[in-house]
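**Q** All chains should be built: construct the whole structure from the sequences, respecting the hints.
Residue numbers (the numbering used here), protein chains in the order written: chain B, 0 to 439; chain P, 2 to 322.
A portion of the hints provided could be inaccurate.
No more than 30 Å apart at the CA atoms, straight line, and that leaves these computed lysine-lysine pairs for DSS-like [to be verified]:
#, chain 1, residue 1, chain 2, residue 2
1, B, K249, P, K310
2, P, K41, P, K310
3, B, K255, P, K228
4, B, K378, B, K244
5, P, K41, P, K172
6, B, K192, B, K255
7, P, K310, B, K192
8, P, K310, B, K255
9, P, K172, B, K164
Pair by pair, the computed Cβ-Cβ distance ranges are [unchecked claim]:
#, chain 1, residue 1, chain 2, residue 2, range
10, B, V134, P, D60, 35 to 45 Å
11, P, G309, B, P86, 51 to 61 Å
12, B, G366, P, G256, 21 to 31 Å
13, B, Q258, P, E160, 46 to 56 Å
14, P, R201, B, T231, 33 to 43 Å
15, P, E284, B, L155, 50 to 60 Å
16, B, E55, P, G309, 53 to 63 Å
These are computed hints drawn from the structure, not numbers from a lab.
Don't be surprised by glycine CBs; every beta carbon is placed ideally from N, CA and C.
As a plain string of letters, each chain reads:
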Amino acid sequence: MSTTPSPVPSTREAVIIGGNRIPFSRAGKKYVRTSNQDMFTTALEGLVARFGLQGERLGEVAGGAVLKHSKNFNLVRESVLGSSLSPTTPAYDVQQACATGLEAAIAVTNKIKLGQIESAIAGGTDTVSDAPIVVSDRLRAALLDFNHARTTGAKLKALAAIRPKDLAPATPGTGEPRTHLSMGEHQAVTTAKWAISREAQDEVAYNSHQNLARAWESGFFDDLVTPFKGLTRDDNLRPDTSLEKLARLKPVFGAKLGQAATMTAGNSTPLTDGASAVLFSSRAWAEERDLPVLAKFVDAETAAVDFVHGHEGLLMAPAAAVPRLLARNGLTLDDIDFFEIHEAFASTVLTTLAAWEDEEYCRTELGLDGALGKIDRGKLNVNGSSLAAGHPFAATGGRIIATAAKLVAAKAAETGRPARALISVCAAGGLGAVAVIESS
Amino acid sequence: MTGSELTRAGAPASYGVTELAQLPRLGGLLAKGATGSVGKRPGGGVRLPEVAYQVADVDTAGEAAHLAAYLRLLGEPASEVLPAGFLHVLAFPLATAVMVRGDFPLPLLGMVHLRNTARVLRSVRLGETLAVRAWAQDARAHRRGVQVDLVAEVLVGGELAYRGVSTYLAKGFTASGGAAPADETSREEWTAPLPTARWRLGGGTGRAYAAVSGDQNPIHTSSLGAKAFGFPRTIAHGMYTAARALAEVGPARRGEKYEWAIEFFKPVLLPSTVDVAIRYADEVSTSSTNGGASTGERGFVYDGWRSGKNTRHFRGTVTPL
Chain B
0 MSTTPSPVPS TREAVIIGGN RIPFSRAGKK YVRTSNQDMF TTALEGLVAR
50 FGLQGERLGE VAGGAVLKHS KNFNLVRESV LGSSLSPTTP AYDVQQACAT
100 GLEAAIAVTN KIKLGQIESA IAGGTDTVSD APIVVSDRLR AALLDFNHAR
150 TTGAKLKALA AIRPKDLAPA TPGTGEPRTH LSMGEHQAVT TAKWAISREA
200 QDEVAYNSHQ NLARAWESGF FDDLVTPFKG LTRDDNLRPD TSLEKLARLK
250 PVFGAKLGQA ATMTAGNSTP LTDGASAVLF SSRAWAEERD LPVLAKFVDA
300 ETAAVDFVHG HEGLLMAPAA AVPRLLARNG LTLDDIDFFE IHEAFASTVL
350 TTLAAWEDEE YCRTELGLDG ALGKIDRGKL NVNGSSLAAG HPFAATGGRI
400 IATAAKLVAA KAAETGRPAR ALISVCAAGG LGAVAVIESS
Chain P
2 MTGSELTRAG APASYGVTEL AQLPRLGGLL AKGATGSVGK RPGGGVRLPE
52 VAYQVADVDT AGEAAHLAAY LRLLGEPASE VLPAGFLHVL AFPLATAVMV
102 RGDFPLPLLG MVHLRNTARV LRSVRLGETL AVRAWAQDAR AHRRGVQVDL
152 VAEVLVGGEL AYRGVSTYLA KGFTASGGAA PADETSREEW TAPLPTARWR
202 LGGGTGRAYA AVSGDQNPIH TSSLGAKAFG FPRTIAHGMY TAARALAEVG
252 PARRGEKYEW AIEFFKPVLL PSTVDVAIRY ADEVSTSSTN GGASTGERGF
302 VYDGWRSGKN TRHFRGTVTP L
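**A** Here's what the structure looks like:
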């Protein structure tokens, strides 16, 4: 299983200049009837304004949405056309479930490192409030038959196949296509396997709210967020929540697993609307424009796990991706100053950490010589993460990258030594994307 | 089910073979079986007719639309290879024809499907001409009556491609053989494993599978029909659950040659949410509390139970050969 990683080929650097997002909002609240394109254009426009990119032809803009209508096939290009970037800026859509934003960043930074482009924006957007609704498969089949029919008789026959129940629309769910278990139910199985306690999960949620609230209060997000639709802060944030309040919530996932359910609305991420964008470039491009460089986007790794038949938990791919990424870059967990582990659920963070601490798991599943190690919890999601901010699927990667870049820049400025952040995002389909960034 | 039952080809030597020109139509057989069932009551020892039905040249070229509908319903990827479940469906009318014979001693309606084991020994592709044969054998004691094997075989160019053994129970009948075997599946305490999938089976599940399998048995398709046989609601075809598990393992992982087995416990009343664990055989605990199915090194073991309850519906295996 264990293979010696090839050395990282020497290419030029891709640097992170800055990020911008709109405040994230719980589904069905502030951003009702606001489209993905509206939100992503706003995030983009804020970034353009912040760094004076009006009229610039960027190398590329890449991003996407997880819940996307087929009419939005060129969502990112359409957003670029609606922004004040030069209309000669190319763009493309990416989709890798919750890892969409990070995957977009990996793609554009690779192009920068290879010298194919000088500058790029990566990001993502998602709305549950304005999610596409599709017709049932039976209605779709009947309508397609109708379209293909050449005679009136055949057209009538096609329509006659429609039954009243076929008219019910299908709303997008978070169910895995192969297992029909929702993401929460999948994670509940993983939580049960790793015997993660309710208390430990509530503590992760509590810390997320406390940390995000402190970051907002301290002005950390002042140059990372553009107010939108009257919202100036993430409206899922509960600065006043307490462990006692979290402990009173009823479990919402894992109720049918035959053991005590531990995952609640408090320690699981709510459905959220929002968008984010991050500006990357070569160092020369940034210097020519006198733009600040926060960090280098050092390297990234993706992984996938065999979850369909229960061998591994749905959201455990980052547990496999991180050791590979660290090994390739000659790093250990001790070399990391900030751990940005996406809080799909509090227990996702905890099962990932538990896996890295488990010697047998690391040996048999990850092909390591022993446990990867234990992280200092004081370095974990220090400015909050998805439990507090919310998680508009494709927008989360951009939120995390911008936060992490600012964190390492500040740490390096404070200590005079390089600082590193490890970013980890799990995704549907048993996928995961992780990255290392380092102060410049 | 013993391995020799599955690899041996052909009916027992004492059986005569009756050639039919084509596969019979299931609708007529079921009607005949329904009326014929009335007269079949427990009497002395059960004696099976020693006859195999055979159709020498079943052309599958016309089955494309039927196969596509089957694959779509069960979640099999589009393919021209006929899955074991489809071969079972194809041969089912011939097996049914045996069971509706006047001299078949057990009533078609009301028999309980206990288990099903099938082997695919060679891929069967759409368009190939098949020989199909079916017979009943081994009437033997069960603690609640008599169990009997309906065997169906599919041959391509004289080569055995598929052999399926469906074991049914006729309650209240007595076998000439004597006492029930001791090794029947234990009904001891069972604890549900963690699920790998959740099937939400709507009220129309029975009718949907009836449409692709032809098995219009009223216990699956009509509430009144189900009530007539003592069920509060329609029940899912056992073979639907088996075929769906087979589909979830999928062609890439079961391979060209495979064994597919299922043992049925409590029926799935519709609508229902069934939790399913389809796991690698070598990752399934072999403790006795998990029931009788053996867990080899290779292949998959699947369990189904009522979501959130300990009501066990089925356990089966899919094993590459």
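**Q** Each hint needs a verdict: does it hold in this structure or not?
**A** A quick look at each hint next to the structure:
| no. | hint | in the structure |
| --- | --- | --- |
| 1 | B:K249 - P:K310 | holds (20 Å) |
| 2 | P:K41 - P:K310 | violated (37 Å) |
| 3 | B:K255 - P:K228 | holds (29 Å) |
| 4 | B:K378 - B:K244 | holds (25 Å) |
| 5 | P:K41 - P:K172 | holds (12 Å) |
| 6 | B:K192 - B:K255 | holds (14 Å) |
| 7 | P:K310 - B:K192 | holds (19 Å) |
| 8 | P:K310 - B:K255 | holds (8 Å) |
| 9 | P:K172 - B:K164 | violated (39 Å) |
| 10 | B:V134 - P:D60: 35 to 45 Å | holds (37 Å) |
| 11 | P:G309 - B:P86: 51 to 61 Å | holds (55 Å) |
| 12 | B:G366 - P:G256: 21 to 31 Å | holds (27 Å) |
| 13 | B:Q258 - P:E160: 46 to 56 Å | holds (50 Å) |
| 14 | P:R201 - B:T231: 33 to 43 Å | holds (42 Å) |
| 15 | P:E284 - B:L155: 50 to 60 Å | holds (54 Å) |
| 16 | B:E55 - P:G309: 53 to 63 Å | holds (57 Å) |
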